[in-house]
Each structure stands twice: as structure tokens, then as C-alpha cells.
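Q: Letter by letter, the chains look like this.
Protein chains: 2
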Amino acid sequence: MTAYEQGARYGQGQALGVVRPASVKEVQAVVRWCSENGIRLVPQGANTGLVGSSTPDASGTQVVLSTSRLRGLCEVDVANRSVTVDAGVTLQELNDQLEPHGLWFPIDLGANPTVGGMVATNTGGTRLIRYGDVRHNLLALQAVLLSPAGELINMGRALRKDNTGPDLKQLFVGSSGAGAILTRATLEVHVRPTQSATALVVPTSDDAVLQLLQALEHDLGDYLSAFEGLSGNAMQAAIDHVPGLRNPLSPDPVPEFAVLIELETASNKAYTGVDLQESLNSFLQDQFEQTIENAVIGNGHELWKLRHSISEGARALGKPIAFDVSVPRSQIMAFRRAARELIEAEFPFLHVVDFGHIADGGVHLNVIWSSDSEQTYDEAVVTKLRDRIYAMVVQEFAGSFSAEHGVGPHNISYYQRYTPQTARQLARGLRQLVDPMQLCGTVSFGP
Amino acid sequence: MTAYEQGARYGQGQALGVVRPASVKEVQAVVRWCSENGIRLVPQGANTGLVGSSTPDASGTQVVLSTSRLRGLCEVDVANRSVTVDAGVTLQELNDQLEPHGLWFPIDLGANPTVGGMVATNTGGTRLIRYGDVRHNLLALQAVLLSPAGELINMGRALRKDNTGPDLKQLFVGSSGAGAILTRATLEVHVRPTQSATALVVPTSDDAVLQLLQALEHDLGDYLSAFEGLSGNAMQAAIDHVPGLRNPLSPDPVPEFAVLIELETASNKAYTGVDLQESLNSFLQDQFEQTIENAVIGNGHELWKLRHSISEGARALGKPIAFDVSVPRSQIMAFRRAARELIEAEFPFLHVVDFGHIADGGVHLNVIWSSDSEQTYDEAVVTKLRDRIYAMVVQEFAGSFSAEHGVGPHNISYYQRYTPQTARQLARGLRQLVDPMQLCGTVSFGP
Chain Y
0 MTAYEQGARY
10 GQGQALGVVR
20 PASVKEVQAV
30 VRWCSENGIR
40 LVPQGANTGL
50 VGSSTPDASG
60 TQVVLSTSRL
70 RGLCEVDVAN
80 RSVTVDAGVT
90 LQELNDQLEP
100 HGLWFPIDLG
110 ANPTVGGMVA
120 TNTGGTRLIR
130 YGDVRHNLLA
140 LQAVLLSPAG
150 ELINMGRALR
160 KDNTGPDLKQ
170 LFVGSSGAGA
180 ILTRATLEVH
190 VRPTQSATAL
200 VVPTSDDAVL
210 QLLQALEHDL
220 GDYLSAFEGL
230 SGNAMQAAID
240 HVPGLRNPLS
250 PDPVPEFAVL
260 IELETASNKA
270 YTGVDLQESL
280 NSFLQDQFEQ
290 TIENAVIGNG
300 HELWKLRHSI
310 SEGARALGKP
320 IAFDVSVPRS
330 QIMAFRRAAR
340 ELIEAEFPFL
350 HVVDFGHIAD
360 GGVHLNVIWS
370 SDSEQTYDEA
380 VVTKLRDRIY
390 AMVVQEFAGS
400 FSAEHGVGPH
410 NISYYQRYTP
420 QTARQLARGL
430 RQLVDPMQLC
440 GTVSFGP
Chain V
0 MTAYEQGARY
10 GQGQALGVVR
20 PASVKEVQAV
30 VRWCSENGIR
40 LVPQGANTGL
50 VGSSTPDASG
60 TQVVLSTSRL
70 RGLCEVDVAN
80 RSVTVDAGVT
90 LQELNDQLEP
100 HGLWFPIDLG
110 ANPTVGGMVA
120 TNTGGTRLIR
130 YGDVRHNLLA
140 LQAVLLSPAG
150 ELINMGRALR
160 KDNTGPDLKQ
170 LFVGSSGAGA
180 ILTRATLEVH
190 VRPTQSATAL
200 VVPTSDDAVL
210 QLLQALEHDL
220 GDYLSAFEGL
230 SGNAMQAAID
240 HVPGLRNPLS
250 PDPVPEFAVL
260 IELETASNKA
270 YTGVDLQESL
280 NSFLQDQFEQ
290 TIENAVIGNG
300 HELWKLRHSI
310 SEGARALGKP
320 IAFDVSVPRS
330 QIMAFRRAAR
340 ELIEAEFPFL
350 HVVDFGHIAD
360 GGVHLNVIWS
370 SDSEQTYDEA
380 VVTKLRDRIY
390 AMVVQEFAGS
400 FSAEHGVGPH
410 NISYYQRYTP
420 QTARQLARGL
430 RQLVDPMQLC
440 GTVSFGP
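Sequence order for the protein chains is Y and V. Under numbering that gives the first Met the number 0, the first residue of the first sequence carries the number 0, and numbering increases by one thereafter. Under numbering that gives the first Met the number 0, the first residue of the second sequence carries the number 0, and numbering increases by one thereafter.
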């Protein structure tokens, strides 16, 4: 059972058992039985979440409900550009089904979650600026309620315009699995790009990063699919510790900060004449001396491999302390500066290896407690660091303490700290409506 | 007080009074007073809604709360591409503020609603396929709750990624004004297009309409901003009755059905080389004989004027009976055919003047009771027609009886008829959480 008891980053418990229903009827039976016996259910998809919300606690009293066998349906409506899919189908399986139609579900992540998990986490990823998060692409949702226990509810239809009362499915998007078992979703899907262009650029200053982003959105905004910030530390960690990577700017040294730009288009060059890489290159040419001082163009595969290797590189340096935060993107460079200054001043033995989704304001402020540090790893110091950084994000920068990983046992205490009383009361009321005994999920959003 | 008592299409009542608070504090005081005295509040923005949800009933006991003076704030964060705006600011005023920055809020409607009204209605409009509805562009929302009475709640921040518990603002999007007074919103805004291309095309068949849409999305999908269906009857009504219009396809006759295509881009031609009208023209050239048999290209102003004059033209023919429905867009031509056949068979004295947003599945199935019909207008017949059409939409085509106009006293009975019991119970529970005495708004979404 270990695979079901241990989370991808946090969450390590002991389950009473694991159930793997293969149909909605079986889910309903499990929910009814758990409800009658007062047993808590922990829904689990691919168990790739990063806040511990898909694994049981240590009590040995909770049942893991795995959706891994709920994968009978993956029905594409090509003309509607939508797909209706069972909760246990993975992102990769979904995209495999869509590919022959020239379509895809463009949420891009460093994992392969299930559709149910993606809805419960409202995943975003690197291409959010172009395609939005899961919420933006969710047309309909089916769930088994805890109250009335085992009752099936269908929320929404395969429609882009439907305003017939409150949009109930929103209650279960980003729910962290609380309140109901998600069994099926209808998603809007998109035309798969046929052309892309990439560049890694070195901005002249922090201000230049935002100027560059704005210029890009005004000049090539129809195509912008990613605008990712990479710190020098993060690039260096990947280059040093992940085989097959090199400094793409060589012989120039690894810069203090760089931006990975990606443009994509599905449009037909025969009609548009657009060569995206040429467009990007001539745009960057004009940005030289204005906002950028160095750039390497093309070779998207190598640049993305560098970007996606940062987490692995960082882990090689020591114990990572991860922050998945966001701020208004107008504040992102100022926040990054302030956070680094704080860590340098108060936690000089820690090493910042940050990267982020500049275009959507997301910052993965990864901090490393080096394995060869003179100071030994201390959970109390980590807690102090978390307190300081989250306070800065939320109070000084009007940001979020969990941008895209959601809330689980790992960070629920910050929900309680930073969510105003009125909002928590309303959240508790919502939960009580669908799950009055709090039998589904690992967190309570109440006061 | 008449202006506040009479709706734009439905809703004609008598108010106890009209209050026009100029600040959130004043809204809070009004809400507290109404709560203490058990008086129902009807929030009203620009009163442009089409389902009667912004006007009081005939009892003379309800107070209209107009947001027309809540317009002190309209703060643009250019680098964040967002705006924080008071609920009483209109769409036009908002866009006037955004224009100097090369930005806009791209919801395109035949009216000039307030921001609060747009959130409460979750407006969509003609460019939904490109930009989404209001829900897709809402980052944060402020409201005054009825319970605790007069309490201010801030939901969300100016963030694109924020997953810290249930997204409470969703409770008030498309609420029809029920449950709380919306006072302020933060919206994502977009880069204003600098180039557009239009064409009016005549498809070879119903199937060809969907083939054309799919080809367009695959070949020029980055730019597609509208794909509007116009019936021949609708075009003819506009041409006959609205001054300054002509048949754009002349000397060919007005076709039975045509599609207005619009492409838009904000991208800089200096970098892309794209001439959108040329791209569209060469795409259409290849579609000749495949999906289209006639086309007129360019002259967007004239084509959009024709499209936007349909309602006025239809009104000149007699009494309009409006249907704002949607179906999965893969079914839209089949639905249109079935609906027209039903009306021809069972209501041969009525005249169908339909148009629709093909790309998002929305159909404005306007039916006219001609002023020179032999049969005199009969409300019972209208009700029978409504029952038949809505049953067809919802039961046969898995569609929605209210695509973008929302639910108000005008159509609440269809909500009750077509929303499953489980969903209605949950909706009632939601309402009870925020407004247990049902003091705000004109409709109840319960059983």
C-alpha cells in the first residue's frame, strides 16, 4: 500500500485500506458505506500533488479512494472542441486521444496527473498565460456527493455559454479533493500548435523584464505561450547536476537572470506567411540595448530541458524548501528582490534557486538547505523562513501563498492565518452543504 | 422612478424606493437597514439585462439599489494587464480608460452594462470564442453580504494563479444579482487589436458550416474573434427596416444563411508580416467549392452594422419572442433545423428571424409574431412555444435554456423545470449561506 500512502512531496501516512472503484456505481457504494460508518475518504488520482492532500494521515483510519480504474470514457467531440473523460484518465492519455484530431489539452506540468486531480487542484503550469488554468477549460463536472451520501450530481454540460443559475461545478475546482468524489469532466480542448519559436534572453535590468513582457504582448501577443524566469542559480544547479545540459549562452557565463520565451501558433503558414522564429528574432533584435543584452535563439528542446531540470538540479544541492507563490506580475521582480534580500540577511546559510512563470506572476522560490552547510537542517528554522516569506507575499505584495499547488495538510495553517474570518466562515458553510461530516478530503477550509 | 422600475426587455414593477449609494460604506448601511427591516433589495446596474432580474416586482415593497454612483475607482495596472473598478462603472467608461494603454476589456455586447451587472450576468457576447466570458476574466470581486448583514467580503486578488481554498467569488458570478451587492471587481484586460479582417460567407450546406469553422480554427485559429451565423430572414429584416443597410451580396439575393467571420490581431506587422485580410481571403479562396459558395470580403463596419441591426429589424416586423439558447456547437445546425421545422409545423403563423454565435454554440432564436398575422397575439400560445423550444434545447440537444442572458423572473420557471433536484437543493443551500432571508435579488434558485 506504500504507493498510496506516500505523497509526491509531502504526506506520509497509513491507510485503513485502498479502494479502487471501476465505475461510478462502485464509487457511490463506497461513499455510502463510508458515510454510514463515519469513515474518512481520501480521493487520490495519480498522487502527484505537492501539498499532501492525496494521502491519508497517520491514524490508520482513513480509506484512500483511488480513481485509477475510473478510465473507461474518453470521448472527443471534434466539432465542439471538447472531450468528456473519466476522472482517472491521465493528462498524457488524454493528449494521446486528442492528437489524431490535431487537438490537445494544453496544461503543461512537470507531472502526469489524472483529470480528477487536475480539477481538484485547478492546475495551471507554464502555458497558463495562453490557455488559462483548468477552471478556464472546464465545461462540465460529475461528482458523487457525501450529502446526500452517494448521490450523483452532474454540473454543467458541453456548452461554452450556459448561465442558468449558480455554476455549481466551481465548488469543486481547486477543492483539494474536499467535499465530493469527482468522477467525470468535460473539458474544452485546443488546436495543437504546428509551429513554435523559443529564445533565452538576458534582460538588462529587473524593470526591463516587465518592459520586455509588455512589448512582447503588444507585438507578438497572439503567439506568446510562455515567458519563464530562470535565476542564474537555478540554471547553474541544473547544468551542474543534470547530465546532458550545458550553459546555452556559453562562452558567456550563466547570467544572474534569464527569460525563456516561447511563441506558438497553430495557424497555417500558407495563409499567414508567419515564420515564428523569424518574427521572434527580429523582435529581439529591436529589443537589444533596450531591454535585453544577450540572447540565444531557437533550440527549444534544449532550452525547455534546462527549464524542466531545475528541480532535479536543486535537489542535488541539498534539501529543498519549496515556495509556490504568486504576486501581481507588475510586482514580481520587486518581490523576488525583496525575498532574496530577506533570505540573505536572515538566513545567509540558505541558497535561493528560484524560477517562475513571470507572465502569470507565479514564483517557485525554491530555497536549498545545502547538504554541506555548517548549520544542520532544522525544522524550526524552516518554519520561521516560511512564516517570513508567506507574510511578505501576502501582506506586502498582495500575493498568494499557494499559486498552483493548492492547499493540503502541508500548508493549511497558512490558509487559516491569511484568509479573513468572513471568507473562512463562508468556505466552512460551503463544505457543510456538500459534506457535513467532513468525510471527504484531507483539509477543512473553515475557521 | 420609472427608469428604475422598467427593465430593458422584461420586468415592469413598482419600487418602494430607489437608493443610490456613492460608497461601499453607504451600501453597507443600506444593506443593514434593509436586513433589519426585512426589506428586499433589487441591485441594479445600467438596467440593460434581458430577463427582468434588475427591476422590482409589482408589490411596491422592494427597494432598488442602483450602483450608478459607485464609480469612483477605475485603476489600471498596465504591467499586470488588470483593472480594479467600481461596480457602477460602465463597459464603455472602462474601455475609455483602457484605450490610452492599448488595452481593452473585450466583451462585446449590444448594450453598455455596468461592471457589476456584467459579473452578475456573466456576460459573453460575440467574441467569447477568443476572450471567454466575464468569469474567465475576473480576478477578484468585492461584495457586501446580507449575512452577516452589511459585511464586506474581498474574494481573490489581482492574481492569475491563486489556489488557496475554494474560489468564493464564483458564487456571485452569474448570480442574477441574488445573494449579495457586488461593489468592486478586478478584471484581466487584453491587448487591443490593431488589425482586423472580415468576410460574409455563404456556406454550401449546414454540415459545411461546421467544417468551415473547424478549418478556420486549424488554419487561422490564433486570430479568430467571431464566427456569427445570420439567417436570411434576419438579414432581410435588418435590410428592409434599418436605414442605410443593403444586401452586401447584391446583385446575388440574400442567402438562406450566412456566416460573418472576423479575425483580429494585436501583433505587429513589422515582425509577423501578417496581413489578416489577405490571409482570410486566401483561406476563403481554398474553401470555395468545399464549404462556401459565395463571399463578400472586407468592409467590417458595414457587415457588423448589418449583424447588430437584426434585433431592430426584427422588432419592425411585429412582436418578438426571444430565445437565448445554446447547444454543443457540433449540434448547432441540427438544432436550428429542428427548431425551424417545429415552428413551421406547429406555429406556422410565426416568423423565425434567428442569428447566433456559432463558434460558442449560442443561438438567438428570435421568433416574430407579425403585426399583420391573421392570428392575434396570444400569451398562451407564446408559452406553449417556449415550452416546446426549451424542451427541445435541453432534452434533445443537451443545451441551455439561457446561454448568456441569465435567469430572472422572466425565465425562472424553466430553471425549476430543467435543473435536477440535487442541483437545486445545493443552489438553495448556497443562497442560504449568504442571504438566508432571501433579501437580495429577484430570483430564488432553490427547489
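Note that these hints are calculated values from the structure, not bench results. Ideal Cβ positions, reconstructed from N, Cα and C, are used throughout, including at glycine. Where hints are given, some of them may not hold.
[As the list claims (entries may be wrong)] Away from chain Y, derived, C-beta distances all over 12 Å, residues of chain V:
1) Leu15
2) Val18
3) Asn94
4) Gly131
5) Arg159
6) Lys168
7) Ser174
8) Val190
9) Glu263
10) Glu277
11) Phe282
12) Leu432
[Stated by the list, open to error] Quick list of the computed label-pair ranges, beta carbon to beta carbon:
13) Y:Ser372 to V:Ala28: 52 to 60 Å
14) Y:Gln284 to V:Ala28: 57 to 65 Å
15) V:Arg31 to Y:Pro99: 35 to 43 Å
16) V:Arg336 to Y:Leu72: 27 to 35 Å
17) Y:Arg68 to V:Glu345: 30 to 38 Å
18) Y:Gly272 to V:Asn111: 20 to 28 Å
19) Y:Gly59 to V:Ile38: 19 to 27 Å
20) V:Ala28 to Y:Met436: 52 to 60 Å
21) V:Gln431 to Y:Ala28: 26 to 34 Å
[Stated by the list, open to error] Listed below are the simulated DMTMM-like cross-link pairs for lysine to aspartate or glutamate, each with C-alpha atoms no more than 20 Å apart in a straight line:
22) Y:Lys268 to V:Asp251
23) Y:Lys268 to V:Asp274
24) V:Lys268 to Y:Glu74
Q: Kindly indicate which numbered hints from before are broken by the structure, ordering the numbers from low to high.
A: 4, 5, 6, 7, 8, 9, 10, 11, 12, 15, 17, 18, 19, 20, 22, 24
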